[in-house]
Amino acid sequence: MRFLLDDEQREFGRTLNGLLAAAGTPAVVRAWSAGDTAPGRALWARLAEAGVFALAVPEEHDGLGPLPVELAVAFGELGRHAVPGPLVETVAAAALLDRLDDGDVMRTWLPQIASGKAVVSLCAPGANSPYALDADACDAVFVIDDDTLRVAEGHGKVQASLDPARRLARPHGGPVLGRGPEVIAAAAHAADVAALATAAQSLGLGRALLARTVDYARQRTQFGVAIGSFQAVKHRLADTLIALEFAQPLLYAAALMLATAHPAAGREIAAAKVSAGEAAYAAARTALQLHGALGYTEELDLSLWIRKARPLRDAWGTPSACRARVLAP
Amino acid sequence: MDLDFTAAQDAFRAEARAWLAAHVPDAPLPSLETAEGFAAHREWERTLFADRWSVVSWPEEYGGRGASILHWLIFEEEYYAAGAPGRVSQNGINLLAPTLFEHGTAEQRARILPPMASGEVIWAQAWSEPEAGSDLSSLRSTAVRTDGGWRLSGQKTWSSRAAFADRAFGLFRSDPDTPKPHQGLTYLMFPLDAEGVTVRPIGRLDGKPAFAELFLDEVFVPDEDVIGEPGQGWRVAMSTAGNERGLTLRSPGRFIASADRLTALWRERAAASGTALRDRVVDAVIGARAYQLFTYANASRLAAGRPIGAESSLNKVFWSELDIALHETALDLLGPYGELADGAPEAPAHGSWAEGHTFSLAGPIYAGTNEIQRDIIAERLLGLPKGRR
Ligand SMILES: Cc1cc2nc3c(=O)[nH]c(=O)nc-3n(C[C@H](O)[C@H](O)[C@H](O)COP(=O)(O)OP(=O)(O)OC[C@H]3O[C@@H](n4cnc5c(N)ncnc54)[C@H](O)[C@@H]3O)c2cc1C
Chain G
1 MRFLLDDEQR
11 EFGRTLNGLL
21 AAAGTPAVVR
31 AWSAGDTAPG
41 RALWARLAEA
51 GVFALAVPEE
61 HDGLGPLPVE
71 LAVAFGELGR
81 HAVPGPLVET
91 VAAAALLDRL
101 DDGDVMRTWL
111 PQIASGKAVV
121 SLCAPGANSP
131 YALDADACDA
141 VFVIDDDTLR
151 VAEGHGKVQA
161 SLDPARRLAR
171 PHGGPVLGRG
181 PEVIAAAAHA
191 ADVAALATAA
201 QSLGLGRALL
211 ARTVDYARQR
221 TQFGVAIGSF
231 QAVKHRLADT
241 LIALEFAQPL
251 LYAAALMLAT
261 AHPAAGREIA
271 AAKVSAGEAA
281 YAAARTALQL
291 HGALGYTEEL
301 DLSLWIRKAR
311 PLRDAWGTPS
321 ACRARVLAP
Chain U
1 MDLDFTAAQD
11 AFRAEARAWL
21 AAHVPDAPLP
31 SLETAEGFAA
41 HREWERTLFA
51 DRWSVVSWPE
61 EYGGRGASIL
71 HWLIFEEEYY
81 AAGAPGRVSQ
91 NGINLLAPTL
101 FEHGTAEQRA
111 RILPPMASGE
121 VIWAQAWSEP
131 EAGSDLSSLR
141 STAVRTDGGW
151 RLSGQKTWSS
161 RAAFADRAFG
171 LFRSDPDTPK
181 PHQGLTYLMF
191 PLDAEGVTVR
201 PIGRLDGKPA
211 FAELFLDEVF
221 VPDEDVIGEP
231 GQGWRVAMST
241 AGNERGLTLR
251 SPGRFIASAD
261 RLTALWRERA
271 AASGTALRDR
281 VVDAVIGARA
291 YQLFTYANAS
301 RLAAGRPIGA
311 ESSLNKVFWS
321 ELDIALHETA
331 LDLLGPYGEL
341 ADGAPEAPAH
351 GSWAEGHTFS
361 LAGPIYAGTN
371 EIQRDIIAER
381 LLGLPKGRR
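As given, the protein sequences belong to chains G and U, one line each in that order. With UniProt numbering, the residue at position 257 of the first sequence is 257, and numbering never jumps. With UniProt numbering, the residue at position 186 of the second sequence is 186, and numbering never jumps.
Since the hints were derived computationally from the structure, they do not count as laboratory data. No residue lacks a Cβ here, since even glycine has one placed at the ideal position from N, Cα and C. Treat the hints loosely; a few may be bogus.
[What the hints assert, rightly or not] Between beta-carbon pairs, the in silico distance windows are: (1) P329/G to G343/U: 55 to 61 Å; (2) E131/U to L300/G: 44 to 50 Å; (3) R388/U to T15/G: 41 to 47 Å.
[Unchecked claim] Quick look at which bits of chain G chain U covers, simulated, 3 or more residues with Cβ under 8 Å: (4) 1-7; (5) 81-92; (6) 114-128; (7) 250-260; (8) 304-318.
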């Protein structure tokens with residue numbers, strides 16, 4: 001047993017972190033929220049070049065994967081930098097298509113996903129949501145109803161989310177790509193991958209919120225001293241770190257178990273999803289509180305992170321649904 | 001990265017499991033915080049020692065198996081899963097032994113460790129004083145130089161297990177004139193039945209004498225019972241404190257076993273208990289698993305030669321809060337039976353939730369309070385400025 005990322009995995013995370021830090025994601029997020037997806041698509045292409053989407057695609061379709069641990073590392077960095085777009089949905093769609101019998105569908109979509117040419121969204125029972133994320137910015141929206149897989153022909157009006165970078169719409173119509181128990185099983189697998197990636201994204205988001213808040217607490221003074229020297233402030237930040245640190249190993253274990261198709265993988269993913277989602281949401285609450293009124297503004301880039309925490313906590317498995325899964329016999 | 005155990009580790013697990021199945025007493029031993037229970041637990045230590053299970057991670061020459069930290073974790077998982085008794089000698093094994101491995105002499109190790117491993121000599125920790133708790137460096141009890149050794153005087157308190165233990169280790173002020181309170185302290189060991197020692201047991205919340213007050217009046221200690229250099233006691237003691245909070249004091253196996261018992265209890269009562277309680281059961285289960293995985297990661301880090309420092313404070317806060325959550329949830333599931341003390345005629349099966357609950361409540365206080373741990377996390381791990389303390 002060696003329950004530690006290896007050097008290559010750590011280096012991959014560092015590289016992505018560097019790439020994203022240099023990319024200035026806040027401007028990309030703000031553009032995406034305003035409906036200008038060009039900077040987002042450009043960043044998407046660079047992420048594809050770095051190999052992010054290939055991690056979800058098998059080698060025979062021009063991918064590198066599936067590599068759930070590396071996916072967890074990558075999505076941690078995507079979350080840390082609040083990258084917008086249907087990132088989770090794209091890798092989940094890859095996992096879905098990978099499990100289908102239909103060679104044509106796979107050959108059409110998987111290489112394009114791996115290379116970053118195709119940005120796709122997914123509406124599946126595991127999300128427990130009628131909306132597809134970013135349908136208006138996608139090349140395809142896959143929809144699963146019971147045992148039927150379709151690729152949508154269009155979508156309804158884009159509805160605003162509390163996180164402006166999440167654009168929600170109901171997909172409709174479209175040709176059937178597959179049907180039967182195979183689709184149901186593939187959809188369940190895709191939902192697992194989506195939950196794992198969302199959990200990773202939450203954790204990265206939470207770490208970024210904590211880091212920014214620690215910086216602020218060291219520099220903001222009141223009563224003549226840095227607010228970070230007050231115990232009430234310190235202890236809240238310490239609790240934030242504890243929650244994030246203990247969610248992290250659950251995430252890696254879930255990824256490992258998914259990689260080996262361990263029978264308890266679903267339960268472990270659910271445990272990781274609750275812990276990471278709750279830890280990140282708590283980090284957002286702490287960040288907001290400790291920034292005072294400044295934290296309650298949309299001008300501050302921090303808002304881009306704060307507003308993501310709650311939707312990510314609930315996407316692809318609410319805490320309640322995940323808890324039920326952990327205890328299911 | 002992997003979570004797989006080697007064939008040798010699996011074999012070790014199987015061996016431990018078989019031994020425990022054959023040896024763990026059928027009926028739970030009486031509480032180790034009573035004279036009768038203390039004796040029964042001491043006997044159990046002897047049984048463990050006879051087959052080299054009492055200190056698996058120690059070198060063989062002292063009665064161990066030279067096992068790695070991972071083997072130790074495996075053993076602990078099996079130990080608690082088997083419902084084996086609490087460890088009466090844990091203060092010695094978890095706190096004094098690591099200190100002797102790091103700072104003791106070969107003579108001290110040879111003399112002290114084997115009888116500690118067998119339960120023949122059970123140790124108490126004598127650090128706290130009435131005026132020195134969180135601010136341990138304010139301690140006032142003294143060690144005064146004399147022919148061939150030292151004379152200890154003063155008062156220690158909250159010393160776990162000291163009501164029935166044999167010997168104690170603690171910090172004493174050997175130089176009253178140093179500029180800083182952390183200086184001029186010496187780490188010494190002394191017998192609890194020595195001339196000049198008075199032990200006054202203190203009842204904890206459930207009345208059991210789980211700790212004691214020690215009054216020391218010119219107690220003689222020979223030079224060979226000083227650990228490390230005289231005057232360097234703070235440094236010696238702090239390496240022990242890291243052990244206490246870090247990996248060894250509360251192994252994940254204990255919480256995994258409690259979470260399993262809690263799940264069984266919930267399944268029995270699922271129909272009667274709503275989702276609010278279910279969520280708390282799940283969170284305890286997740287917490288225990290998170291703690292186990294976090295510990296695997298730490299063990300892997302240690303094996304890779306990377307040290308664990310202030311991170312042990314994360315552990316301490318996490319397990320102490322998890323322990324309370326586990327027990328409170330169990331008591332809530334038990335409803336009116338939750339308040340029955342262990343040993344009451346209709347006290348619930350499923351192990352001792354009542355005594356466990358009482359014990360869990362102390363977790364955020366001992367081994368450095370959680371307030372102090374949060375300060376350490378904030379200052380050393382997050383880099384926040386020091387405040388007034
Ligand atoms: C069950 C149990 C077993 C124990 N076993 C042993 C033992 O075997 N040997 C031994 O030597 N000791 C033992 N102790 C004592 C334990 O180490 C002390 O209780 C602990 O260090 C706290 O000291 P105190 O009780 O004097 O509380 P105080 O230090 O007086 O603290 C009281 C409260 O004030 C808070 N506080 C104090 N200073 C600060 C600060 N700077 N910032 C924020 N909050 C602060 C504390 O967190 C606490 O909540 C045991 C205690 C218990 C409960």
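Quick rundown of the hints versus the structure:
{"no.": "1", "hint": "P329/G to G343/U: 55 to 61 Å", "in the structure": "violated (33 Å)"}
{"no.": "2", "hint": "E131/U to L300/G: 44 to 50 Å", "in the structure": "holds (47 Å)"}
{"no.": "3", "hint": "R388/U to T15/G: 41 to 47 Å", "in the structure": "holds (43 Å)"}
{"no.": "4", "hint": "1-7", "in the structure": "holds (count 6)"}
{"no.": "5", "hint": "81-92", "in the structure": "violated (count 0)"}
{"no.": "6", "hint": "114-128", "in the structure": "violated (count 0)"}
{"no.": "7", "hint": "250-260", "in the structure": "holds (count 5)"}
{"no.": "8", "hint": "304-318", "in the structure": "violated (count 0)"}
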